[in-house]
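Student: Sequence:
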Amino acid sequence: MAFVTTVPQVLRRKTTIIHGGRRANNFTVQRDRRVRTIPVRMAAPKRSTVADTPKKQFLDRLKALGNLRLIGRNDAVIMESIATFDGLFFAEVPTGEYANLIDGSINLDMHLLLEGFSGAKFETGISRDATKSTTYVLRLLGKDRTSVILSLFLQWDKAPTDVSEERINAWKALKADYAGESEQFFFEE
2 MAFVTTVPQV
12 LRRKTTIIHG
22 GRRANNFTVQ
32 RDRRVRTIPV
42 RMAAPKRSTV
52 ADTPKKQFLD
62 RLKALGNLRL
72 IGRNDAVIME
82 SIATFDGLFF
92 AEVPTGEYAN
102 LIDGSINLDM
112 HLLLEGFSGA
122 KFETGISRDA
132 TKSTTYVLRL
142 LGKDRTSVIL
152 SLFLQWDKAP
162 TDVSEERINA
172 WKALKADYAG
182 ESEQFFFEE
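Numbering follows this note's numbering, in which position 27 of the sequence shown is assigned residue number 28; successive positions increment by one, without gaps.
Note that these hints are calculated values from the structure, not bench results.
Mixed in with the good hints, there may be bad ones.
For each label pair, taking beta carbons as the anchor points, the in silico distance ranges come out as [claimed, not checked]:
id	residue 1	residue 2	range
1	VAL78	SER183	25 to 33 Å
2	PHE187	ALA160	34 to 42 Å
3	GLY105	ALA65	20 to 28 Å
4	ALA131	THR96	43 to 51 Å
5	ALA174	GLY126	16 to 24 Å
6	ASP145	ILE169	28 to 36 Å
Derived DSS-like pairs (lysine-lysine); straight-line CA-CA distance at most 25 Å [as the list claims (entries may be wrong)]:
id	residue 1	residue 2
7	LYS159	LYS173
8	LYS133	LYS122
9	LYS64	LYS159
10	LYS173	LYS56
11	LYS57	LYS173
12	LYS133	LYS159
13	LYS122	LYS144
14	LYS64	LYS144
15	LYS64	LYS173
On a predicted model such as this, the values are computed, not experimentally measured, just so you know.
Quick reminder that beta carbons are idealized off the backbone N, C-alpha and C, glycines included.
Work out the full structure: start from the sequences and follow the hints.
Tutor: Printed below as a string of structure tokens:
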């Protein structure tokens with residue numbers, strides 16, 4: 002024997018639940034009317050221009066570096082993606098101003114709070130493969146000026162360690178303009 006109850010759900014939809022005979026977890030849900038789901042959206046953020054601040058100008062220059070391996074990590078997780086900064090845009094929302102990088106083709110949706118980073122550190126290293134070629138790394142530093150919030154590696158073009166001279170020169174020019182002879186620099190607050 003089955004019995005019918007009406008239960009209000011989120012958004013005040015009525016759902017009719019028909020319980021099976023033996024156990025309460027065996028049931029089917031039937032809607033007594035068709036409901037269209039409308040996602041809740043925030044107000045559109047105010048877009049801002051690149052020329053506003055030195056941080057924005059710096060991030061905008063990352064477009065010249067081409068393919069980058071983006072690595073974000075915390076105590077428990079490391080996330081990596083390969084992308085360019087070509088789609089970079091800035092937006093202001095109630096929680097602050099963000100640099101946004103969204104690329105649906107690779108399912109990338111990254112938001113960098115501008116007040117959350119204070120500078121950058123330029124590094125070169127040695128690749129782990131047999132060629133032992135030079136790697137070029139840019140690390141964005143957090144408010145405390147020591148923690149790395151995002152690492153950006155020049156990603157090879159076609160084969161491992163195949164990074165074009167043009168992109169290497171863009172990395173070196175960025176380092177010369179911002180850090181000079183030093184390995185790192187900080188934005189004035």
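Student: None of the hints should be skipped; say for each whether it holds.
Tutor: Against the structure, the hints come out as follows:
Taking the beta carbon of each, VAL78 and SER183 are about 31 Å apart, inside 25 to 33 Å as hinted. Checked against the hint of 34 to 42 Å, the C-beta distance between PHE187 and ALA160 comes to roughly 36 Å, which is consistent with it. Between GLY105 and ALA65, the C-beta spacing of about 23 Å keeps the proposed range 20 to 28 Å intact. Checking the proposed 43 to 51 Å range against ALA131 and THR96 shows it holds: the Cβ atoms sit about 46 Å from each other.
At about 19 Å, the beta-carbon gap between ALA174 and GLY126 stays in the expected band of 16 to 24 Å. Roughly 30 Å separates the CB atoms of ASP145 and ILE169, a value that falls within the hinted 28 to 36 Å. Our distance criterion of 25 Å between C-alpha atoms is met by LYS159 and LYS173, whose separation comes to about 21 Å. Of the pairs offered as hints, the one joining LYS133 and LYS122 holds, with about 22 Å between alpha carbons and a cut-off of 25 Å not exceeded.
Of the pairs offered as hints, the one joining LYS64 and LYS159 holds, with about 18 Å between alpha carbons and a cut-off of 25 Å not exceeded. Using a Cα cut-off of 25 Å, the hinted pair LYS173 and LYS56 holds, with the two alpha carbons roughly 18 Å apart. For the proposed pair LYS57 and LYS173, the alpha carbon gap of about 19 Å is at most 25 Å, so the pair holds. The straight-line distance between the Cα atoms of LYS133 and LYS159 is roughly 17 Å, inside the 25 Å bound, and the hint therefore holds.
Distance check on the hinted pair: LYS122 and LYS144 sit about 13 Å apart at the alpha-carbon level, within 25 Å; holds. Simply put, LYS64 and LYS144 have alpha-carbon atoms about 23 Å apart, close enough for the 25 Å limit, and the pair holds. Pair hint LYS64 plus LYS173 holds up; C-alpha atoms about 14 Å apart against a cutoff of 25 Å.
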